[in-house]
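Enquirer: Can you make the complete structure from the sequences, with help from the hints?
Chains as they are written, first to last, in the UniProt record's numbering: chain A, 1 to 344; chain B, 1 to 215.
Just so you know, these hints were derived from the structure itself, not from any lab. We put the CB at the ideal spot given by N, CA and C, even for glycine. Be aware that a few hints might be false.
Stated by the list, open to error - To give a feel for the contact side, a few chain A residues facing chain B, derived at Cβ under 8 angstroms:
1) L54
2) R56
3) H90
4) S96
5) L105
6) M308
To be verified - Beta-carbon label-pair distances, calculated as ranges:
7) A:H319 / B:D116: 57 to 63 angstroms
8) A:G143 / B:R215: 19 to 25 angstroms
9) A:G132 / B:M17: 43 to 49 angstroms
10) B:G88 / A:G111: 45 to 51 angstroms
11) A:C12 / B:A51: 28 to 34 angstroms
12) B:R215 / A:D122: 26 to 32 angstroms
13) A:H243 / B:F52: 51 to 57 angstroms
14) A:R14 / B:V73: 54 to 60 angstroms
15) B:M69 / A:G143: 39 to 45 angstroms
16) B:P33 / A:Q140: 49 to 55 angstroms
17) A:G111 / B:I29: 24 to 30 angstroms
18) B:N118 / A:G191: 45 to 51 angstroms
19) B:P33 / A:D202: 45 to 51 angstroms
20) A:L190 / B:D116: 28 to 34 angstroms
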Amino acid sequence: MVTSLLRVEHACRRFGGQTALDDVSFQVRPGEILGIIGRSGAGKTTLLRCLNGLERPDSGRILIEDRDITTLPERELVQVRRRIGLVFQHFNLLNSRTVAANIELPLQIAGMPRDKRRARADELLELVGLTGHADKRPGQLSGGQKQRVGIARALAAHPALLLCDEATSALDPETTLSILDLLRDINRRLGLTIILITHEMDVIRRIAQRILVMDHGRVVEDAETAQVLRGGARHDVTRAFLHGEAARLPDALLARLRPDPFAGGAPVVRLTLDTGATGTPVLSILARRHGIDATILQAGMAEGRTHMQAECVVRLSGHDDGAMGFLLQASPSMEVLGYVPADS
Amino acid sequence: MSRLILDLILHATVETMEMVLASGLIAVIGGLPLAILLIATAPGGILPLPAFSRVLGLVVDAARAVPFMILLVLLIPVTRLVAGTALGTGAAIVPLSIAAVPYFARIAEVSLREVDRNLVDAVRAMGGTRWMVIRFVLLPEALPGLISGLTVTLVTLVGASAMAGVIGAGGLGDLAIRYGYQRFNTTIMLSVVAVLIALVTLMQAVGNRLARRLR
Chain A
1 MVTSLLRVEH ACRRFGGQTA LDDVSFQVRP GEILGIIGRS GAGKTTLLRC
51 LNGLERPDSG RILIEDRDIT TLPERELVQV RRRIGLVFQH FNLLNSRTVA
101 ANIELPLQIA GMPRDKRRAR ADELLELVGL TGHADKRPGQ LSGGQKQRVG
151 IARALAAHPA LLLCDEATSA LDPETTLSIL DLLRDINRRL GLTIILITHE
201 MDVIRRIAQR ILVMDHGRVV EDAETAQVLR GGARHDVTRA FLHGEAARLP
251 DALLARLRPD PFAGGAPVVR LTLDTGATGT PVLSILARRH GIDATILQAG
301 MAEGRTHMQA ECVVRLSGHD DGAMGFLLQA SPSMEVLGYV PADS
Chain B
1 MSRLILDLIL HATVETMEMV LASGLIAVIG GLPLAILLIA TAPGGILPLP
51 AFSRVLGLVV DAARAVPFMI LLVLLIPVTR LVAGTALGTG AAIVPLSIAA
101 VPYFARIAEV SLREVDRNLV DAVRAMGGTR WMVIRFVLLP EALPGLISGL
151 TVTLVTLVGA SAMAGVIGAG GLGDLAIRYG YQRFNTTIML SVVAVLIALV
201 TLMQAVGNRL ARRLR
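Expert: Structure representation (structure tokens):
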């Protein structure tokens, strides 16, 4: 029985003196969306190239549907590659072919007859919402449409796994959302396992159930996305990704902010609060029960995987252990940014 | 212009076209695989064999380094062997082809190299074989460039075929030398030049149009 679709065990890869993958191990379960995040040079690309057999790790094993692809000869590797659909950052569509012919490419590679290919291409065009664009050239499409073609092509040969390499990094925010929605929809409707490689926390926050953080070739965090978003991040790099996208504090506030408490200093904290059905009126309770007023300095909404979250920076009128305990419970990722003079 | 002169020019034009098209065809048949081989075996190619690639590149360049005039004379024994004679239009196709194959190979190589590497990787990652990479990616994506390259090769062949006229190949070059130069027939000389200009312009126009339509 296949319990994990993909299992990477102690994979290492070095280029000269550079370590691209350092003892990387993780598993992907069938039907899940896994987000792999890392800065450029963290080893994401090397990992991707190892996963589809374009490169072999120096040591360690990579098992896809229980077959170790690191030892397979080229001829059999070709068969394994046909089980993996790839979506690229820059689409990689052939301009010499029509949209439909691009989608048919993996089927043509697999040796499917022409009429069957065309039927499958039409099916996929409908799935990605591009019915009627079959005979256009990729050059006539917008970036978002090109990526939809890229996704349709990746799905053509009924892959067991969809690998997305920075699939939304070349797109504007609005198009990014529509592509991510499409991927989530495909995951739900087809039960397809998806691995997203990205440097954008937003992508992961929106659709990934599990997150893998890479840094200097290592996996430094492997956790449920919800848990990380709730403040369960273990590693600094993960926290950097989480906060990197939080709005920058106003300069006037930063100038007055001091790292340590002082007499008459009011704490400034960053809270991430659930909204919607599970949301509690945290700031009201704080005032009533603990007698502490909160002044909102900055606020915004962030879209979590299941519901909206409010992110705000507030100045508290006083410092009280009971109040802080309450806030920590409401927002486990609470962070004390510093202290400012109370009158400001 | 007399009927006779017109016939001479028409006949010579047909001969030139024969030489150019036949050697152009052989240039594609021989040069394109050579170009693919150069690209594939280059470092980072789909079948990296750096030593082989370097030797092949040297051979191609050596053939291109010899001026066509010298190649013509140098190849006379080979021409006799292949065509049975060193004279006439058919015989001229031998040295023309031998010069055109490496010429077109280098030009085609440039077009093939310009194909986005990511497309090659994409097809490899989809489980495509090397042959599929050549058939589905390299050739179709480079086609407009290859057409332009072939146009340049054909135009160069028009010039080279005229040179072959010097050693008795027939065609427009032969006509210009024998009638225009040796018999001081200015009318024929100027007519030949006009026909050559028209021929080259026409080829270039057709080539450009084809390449643009495919792009």
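Enquirer: With a cut-off of 8 angstroms on the beta carbons, see whether L54 of chain A makes it to chain B.
Expert: 6 angstroms, holds
Enquirer: Taking the Cβ atom of R14 of chain A and the Cβ atom of V73 of chain B, is their distance within the range 54 to 60 angstroms?
Expert: 57 angstroms, holds
Enquirer: Would the hint on H90 of chain A stand, with a C-beta cut-off of 8 angstroms toward chain B?
Expert: Hint on H90 of chain A: holds, closest Cβ of chain B at ~6 angstroms, below 8 angstroms.
Enquirer: Confirm or reject the claim that G143 of chain A and R215 of chain B have a C-beta distance inside 19 to 25 angstroms.
Expert: 20 angstroms, holds
Enquirer: Have a go at the M308 of chain A hint: is there a Cβ in chain B nearer than 8 angstroms to its own Cβ?
Expert: 37 angstroms, violated
Enquirer: Is the gap between the beta carbons of M69 of chain B and G143 of chain A within 39 to 45 angstroms?
Expert: Violated, since M69 of chain B and G143 of chain A (Cβ atoms, about 54 angstroms apart) do not stay within the stated range.
Enquirer: Mind checking the hinted window 45 to 51 angstroms against the Cβ distance between G88 of chain B and G111 of chain A?
Expert: The hinted range 45 to 51 angstroms holds for G88 of chain B and G111 of chain A, with Cβ atoms some 49 angstroms apart.
Enquirer: Indicate whether the distance between the beta carbons of L190 of chain A and D116 of chain B respects the range 28 to 34 angstroms.
Expert: With Cβ atoms ~29 angstroms apart, the hint holds.
Enquirer: So the hint says 57 to 63 angstroms: do the beta-carbon atoms of H319 of chain A and D116 of chain B match that?
Expert: 59 angstroms Cβ-Cβ, so the 57 to 63 angstroms window holds.
Enquirer: I want to verify a distance hint. Is the separation of the beta carbons of G111 of chain A and I29 of chain B within 24 to 30 angstroms?
Expert: 28 angstroms, holds
Enquirer: The hint says 26 to 32 angstroms between R215 of chain B and D122 of chain A; measuring C-beta to C-beta, is that right?
Expert: With a Cβ separation near 27 angstroms, R215 of chain B and D122 of chain A satisfy 26 to 32 angstroms, so the hint holds.
Enquirer: Hint says 49 to 55 angstroms; check whether the CB-CB distance for P33 of chain B and Q140 of chain A agrees.
Expert: 33 angstroms, violated
Going through the hint list in order, the structure does not satisfy hints 2, 6, 15, 16 and 18.
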